[in-house]
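Residue numbers (this note's numbering), protein chains in the order written: chain A, 3 to 381; chain B, 3 to 381.
Don't read these hints as lab results, they were simulated from the structure.
A portion of the hints provided could be inaccurate.
When chains are identical, the list treats them as one kind, so a pair holds in a single copy or across two.
[Said to hold, decoys possible] No farther apart than 30 Å at their CA atoms in a straight line, the calculated lysine-lysine pairs in the DSBU-like style are these: (1) 268 / 209; (2) 109 / 268; (3) 314 / 82; (4) 145 / 109; (5) 336 / 72; (6) 107 / 272; (7) 82 / 170; (8) 145 / 318; (9) 268 / 336; (10) 343 / 109; (11) 216 / 268; (12) 21 / 336; (13) 90 / 272; (14) 209 / 314; (15) 237 / 330; (16) 216 / 90.
What you are looking at is a predicted structure, and each value in this text was computed from that prediction instead of being measured.
Below are the chains, spelled out letter by letter.
2 protein chains.
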Amino acid sequence: MQFIIQREYLIQSVQDVMKAVSSRTTIPILTGIKIVANKEGLTLTGSDSDISIQYHIPIEENGQIIVDVKTEGSIVLSAKYFGEIVRKLPAEHVEITVEDHLMTKIKSGSSVFNLNGLDAEEYPQLPQIEEDQVCRIPTDLLKFMIRQTVFAVSTSETRPVLTGVNWKVINNELSCIATDSHRLALRKARIDSVSANMEMNAVIPGKSLTELSKILDDNDEVVEMVMTDYQVLFKTKHLLFFSRLLEGNYPETSRLIPTESKTTLKVNTKAFLQAVDRASLLAREGRNNVVKATTHDNNIVEISSHSPEIGKVSEKVQCDGIIGEELKISFSGKYMMDALKAIESSDIEIHFTGSMRPFVLHPPGDDSVLQLILPVRTY
Amino acid sequence: MQFIIQREYLIQSVQDVMKAVSSRTTIPILTGIKIVANKEGLTLTGSDSDISIQYHIPIEENGQIIVDVKTEGSIVLSAKYFGEIVRKLPAEHVEITVEDHLMTKIKSGSSVFNLNGLDAEEYPQLPQIEEDQVCRIPTDLLKFMIRQTVFAVSTSETRPVLTGVNWKVINNELSCIATDSHRLALRKARIDSVSANMEMNAVIPGKSLTELSKILDDNDEVVEMVMTDYQVLFKTKHLLFFSRLLEGNYPETSRLIPTESKTTLKVNTKAFLQAVDRASLLAREGRNNVVKATTHDNNIVEISSHSPEIGKVSEKVQCDGIIGEELKISFSGKYMMDALKAIESSDIEIHFTGSMRPFVLHPPGDDSVLQLILPVRTY
């Protein structure tokens, strides 16, 4: 194998596939990046067996030669060393040649590296995916849907299925739901499904979605999502991103979401968030980071917390409106801040049904995004 | 105690004195910041008993009222909570009032905190320093002298005196020397000593100098340095920075520095640094991060390294000149990079006296800064 490539492209592709490579793997070949050079260009692959990322660099783009393949072939190179080397090479072009015994020469300017390679034949095959169930999502919407839900997955392995986000497609509507059983995040959107009568119901690991979100640039190009029984594949122009799915039935959450409201509060998100943030300062050390909200006359809500050893804090926030019954409720300051940040709207509506029942946050007049939080019993 | 202060000034002062507060202290009162309000203004103090920092905020500056002291007094408040609270308060002004039982009310806008305070009488006194031995150093020169030497202190406690930097003043010349016995960094400068016939020879802990450097803004205002037997004090307009000195005799290092040279190499610092950096990529895992330099004809020096399990790297660097004997020498890539970065000069001269002897780096024609490195035996 021998090729010459523009270094910038190599850096970008290595950086992307590296995201799937784990330094803690017990499978030696997976510490490497697989490089395949052929007449279509260069393909790099990284994997930790949960996530696999493949990046394709074409021979040319916009009439400009990116990679010049002299001899086809393949090799696996240590991700750790290859990544650092590529980043630090001195010249605009890099020449990579596999010599005897998988020894790989990396040349750029006056700098010459010789890295011990591994046999690409030993690298595991990526899953073959049937493209039966395909839908299309603009990148920025996809990133939104991940960001607004993935923080609410469980970090505990006691119920593994809750460490993932439940993705469902019914009637061209995609819904993403995450819950750790103390709170729930829900985001819905209409999407363009390619397959007729596409229906899916799968649980994608939170970690995979976080990595996917990092790797996607902010733009409105379309990502194709292909779903199978055990794998999901996200496809962009240069990238293939595979993730395994979580096994097990995701709990039915729709009946958890209250449909009525006894107290409704409408408030500026930033003012409310900052008040909760300040109240959390003293509560953080405590068991549950408990913050209390109490409604008063004249559309005032008081946010307070109390830690006997440290002190107490209280702040009155002016709401745009408080409708319904008086309310005293305690909740996790952290969960409240996570939810307020995820909603990404300048104003917010909070619907309470008593101090012991879950409550719901969403942007005024918009139910495509919803955050639910269970209160904390303090009385 | 009661006062109203502009929040920006409070944030700055708390941020500075916090640098001396350690969360790991076993003395509870030292987890706090002492605040004293009197007719001169506000004084904040933080200390971990090795370093103490005092920040003074005057009543007014440039005709503008900064702090309005209603009642004089003092209190100690938890550095951790007070620091975070001050940073997150909503309004431009902050009112602080000590009420019954040291309970301290912190008010800003609609936000009200009540923090449990500690008795300021129990806070340890700062050392009283006789201003016999005083000299003046511009801030930017002081920061330079620290940055160019402090990285070379020992991180091992086996010889505690080597964890500090040896500061000496003789005949209005300040010299700073640090060594971990594998390398040595030296920086000299003429300074303006205030005291007649000032002579000093002290060892200042590396950690103190690093903190001092962080806390000083980049400007050319003068810092006064006051030296006593056990303490050094650095004084700026708003700040007093105290550090204890290290006990024990600092080794005499002048005879370690070779005065002759068998091979002299003159090279562009950046090109040489980057070549060593690349060679270090593969050497890093090894015991000593060993990089080899070999001189060739036509003013070429070859930088290489070899790790049997990973691979090898070699690079030819064009020098501006190589004078004297042929040379093959091995050294720590990390030490070389530290030294090259510390010198902060576009070109560099390296003087070797054989492959087993320490070698010296300095900017061409400038001996106010010098870096010495011991080679590594590899043959």
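Under a CA distance limit of 30 Å, which applies to residue 336 and residue 72: within one copy, between copies, both, or neither?
-> neither (56 Å within a copy, 37 Å between copies)
Should residue 343 paired with residue 109 be assigned to within, between, both, or neither, using CA atoms and 30 Å as the limit?
-> Only across copies: residue 343 and residue 109 sit 26 Å apart there, 47 Å inside one copy, limit 30 Å.
State whether the alpha carbon distance between residue 145 and residue 109 is at most 30 Å within one copy, between copies, both, or neither.
-> neither (38 Å within a copy, 40 Å between copies)
How would you classify residue 145 and residue 318 at a CA-CA limit of 30 Å: within, between, both, or neither?
-> Neither, since 35 Å and 46 Å both go past 30 Å.
Give the relationship of residue 109 and residue 268 under a CA distance limit of 30 Å: within one copy only, between copies only, both, or neither.
-> Answer is between: at 26 Å across copies they meet the 30 Å cutoff, but 62 Å inside does not.
Quick one: residue 268 to residue 209, C-alpha cut-off 30 Å, is that within a copy, between copies, both, or neither?
-> neither (34 Å within a copy, 51 Å between copies)
From the Cα coordinates, with 30 Å as the cut-off, is the pair residue 90 and residue 272 best called within, between, both, or neither?
-> Between copies, since 13 Å is at most 30 Å while 42 Å is not.
How would you label the pair residue 268, residue 336 (within, between, both, or neither) given a Cα cut-off of 30 Å?
-> Cα proximity of residue 268 and residue 336: one copy only (20 Å, versus 58 Å across).
How would you classify residue 237 and residue 330 at a CA-CA limit of 30 Å: within, between, both, or neither?
-> neither (48 Å within a copy, 52 Å between copies)
Taking 30 Å as the upper bound on the Cα-Cα distance, should residue 216 and residue 268 be classified as within, between, both, or neither?
-> neither (33 Å within a copy, 45 Å between copies)
Please work out whether the CA atoms of residue 216 and residue 90 approach to 30 Å or closer within one copy, between two copies, in both situations, or in neither?
-> Both: 23 Å inside a copy, 29 Å across copies.
Pop the pair residue 209 and residue 314 into one bin, within, between, both or neither, using alpha-carbon distances up to 30 Å.
-> Close neither inside one copy (37 Å) nor across copies (36 Å); limit 30 Å.
In this structure, the hints that do not hold are numbers 1, 4, 5, 7, 8, 11, 14, 15, in rising order.
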